[in-house]
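Asker: Taking the hints as your guide, dock the two standalone chains into a single complex.
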Amino acid sequence: MAIRLVFLGKLADLAGTGERELPAPLDWAGLIAALPGPLGEAVQQDRTRVAINGLLLADKATLTAVDGDEVALLPPVSGG
Amino acid sequence: MKLRCSLPSVAVDMARDVRLLTTPFDPAQETAAFGKAHPGFGGLCSFVGEVRSDDAVEALELLHYEAMTLAGMTDLADRTIARFGLLGLLIIHRAGVMRPGEPIVLVSAAARHRREAIQAVDFAMDHLKSDSWFWKRELRDGAWTWIEPRAQDHSDLSRWA
Numbered sequence: 025m026a027i028r029l030v031f032l033g034k035l036a037d038l039a040g041t042g043e044r045e046l047p048a049p050l051d052w053a054g055l056i057a058a059l060p061g062p063l064g065e066a067v068q069q070d071r072t073r074v075a076i077n078g079l080l081l082a083d084k085a086t087l088t089a090v091d092g093d094e095v096a097l098l099p100p101v102s103g104g
Numbered sequence: 003m004k005l006r007c008s009l010p011s012v013a014v015d016m017a018r019d020v021r022l023l024t025t026p027f028d029p030a031q032e033t034a035a036f037g038k039a040h041p042g043f044g045g046l047c048s049f050v051g052e053v054r055s056d057d058a059v060e061a062l063e064l065l066h067y068e069a070m071t072l073a074g075m076t077d078l079a080d081r082t083i084a085r086f087g088l089l090g091l092l093i094i095h096r097a098g099v100m101r102p103g104e105p106i107v108l109v110s111a112a113a114r115h116r117r118e119a120i121q122a123v124d125f126a127m128d129h130l131k132s133d134s135w136f137w138k139r140e141l142r143d144g145a146w147t148w149i150e151p152r153a154q155d156h157s158d159l160s161r162w163a
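Chain order of the listed sequences is A and B. Here the numbering used here is used: the first sequence runs in plain steps of one and ends on residue 104. Here the numbering used here is used: the second sequence runs in plain steps of one and ends on residue 163.
So that you can see chain B by itself, here it is in the shape it has in the complex (with noise of 0.2 angstroms):
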């Protein structure tokens, strides 16, 4: 379908992909789709978080909840494109249980210029960790705990006030 359109939320709509799932993915196949999906971007950058296998965590949980998580992912993605003037921005966040290794999340902004693409997906990133409807807890030694929130996640959010 071709939208013939000037209104500046299809324009977003276009360059906005963002995707909660239950289930694995793939990063490298999501940001080779990504890429081709903008041609003619000047810069394009990635960033992939993944579950930390360096401690005696067996497993990690993030919960969601339904009416709130995805709009508030998909209206950050509206603010990252509109702050950056990006060309695209993917983000992909999981839910769910994941062990050791298994990605997280992953952020990826076309843009014209590579600052642009770089400072995006930064920007995308503190707000995931510190600004969205996620609540994460570890399996250690069979027992859950409720990671509580850094203090360093809000410094990290006040870079952008």
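One chain only, chain A, in its complex shape (with noise of 0.2 angstroms):
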């Protein structure tokens, strides 16, 4: 088992694909060491949120994922 990414909205576009799979556990320090680059800078940007199986993180520097999770990177989002 293993942490699954999920890439939305133009962040899908900078990885390079729209899911990603990380081994667990999983904390913030860790997933911005996965994802260097232009990719990282735009999860670590205010705007970017993260939610955990659905549910949005108020902080997001407080992820804990474990095995069989899926973390969505979210970002500002342009609807309706």
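It is worth saying that the hints were derived from the structure and are not from the lab. Don't take every hint at face value.
Unchecked claim - If you anchor each label on the Cβ, the simulated ranges turn out as follows:
| no. | chain 1 | residue 1 | chain 2 | residue 2 | range |
| --- | --- | --- | --- | --- | --- |
| 1 | A | Ala48 | B | Arg101 | 36 to 44 angstroms |
| 2 | A | Thr86 | B | Gln31 | 45 to 53 angstroms |
| 3 | B | Ala39 | A | Ala26 | 43 to 51 angstroms |
| 4 | A | Ala82 | B | Glu60 | 36 to 44 angstroms |
| 5 | B | Phe49 | A | Asn77 | 26 to 34 angstroms |
| 6 | A | Ala58 | B | Gln31 | 42 to 50 angstroms |
For each residue, glycine too, the CB sits at the ideal point set by N, CA and C.
Answerer: Shown next, in the form of structure tokens:
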């Protein structure tokens, strides 16, 4: 088992894929270390939010993901 | 099935119709059905958003996130129903690739009085635009470009704080 990362919106373009797996467990420092370059910079921007299993984190730095979790990286929305 | 239950959440469920579609829909048909489903309203207000065809946009794509988008829309619908005391609320939002002239979103609100219906639609649309899990990109001259959120969307949202 692993952690599934989901890249939404333009983050998928930066990642070159919509999804990726990372080994568990995973915290915020581990996530940033796994995403270098423009993708990592975009993920660290204030307006990029993080959700675990569909639940938004109030503070993404508190990320703690374990085996089987789905971690979504959500850039600013533009709907409607 | 007849439900005999006084829990508020059940009343909300019966008033609420929220759909996320990946295929085209007909707003006139949906609005007519919605009106029939809520007899006795004093006012019904509907808003239809379509892909604009006034510039060089060939297509528009709306992406969503399975784990959050519909859940967020449903939560928004419940808040809208509670805030304006609605008899019924319909929210239909498209995802996927759309061409100019295609409907993107429909919001219909039925209330005892007109002002609640009108304001509920305005409230729901402001939140769908700037506070729902959708990402939009446009196809121009064969190239896709992500649409960044507009400052206007956030000032629209602050009207309801």
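Asker: All the hints need checking, so say for each whether the structure fits it.
Answerer: Each hint, compared with the structure:
Against the hinted window of 36 to 44 angstroms, the Cβ-Cβ separation of alanine 48 of chain A and arginine 101 of chain B comes to about 43 angstroms, which satisfies the hint. At roughly 46 angstroms, the beta-carbon separation of threonine 86 of chain A and glutamine 31 of chain B lies within the given 45 to 53 angstroms, and the hint holds. For alanine 39 of chain B and alanine 26 of chain A, the Cβ-Cβ distance of about 45 angstroms falls inside the hinted range of 43 to 51 angstroms, so the restraint holds. At about 39 angstroms, the CB distance of alanine 82 of chain A to glutamate 60 of chain B agrees with the hint of 36 to 44 angstroms.
Taken as a hint, the range 26 to 34 angstroms holds for the pair phenylalanine 49 of chain B and asparagine 77 of chain A, whose Cβ atoms sit roughly 33 angstroms apart. Between alanine 58 of chain A and glutamine 31 of chain B the C-beta distance comes to about 48 angstroms, which sits within the given range of 42 to 50 angstroms.
Against the hints set out earlier in the document, no violation occurs for any number.
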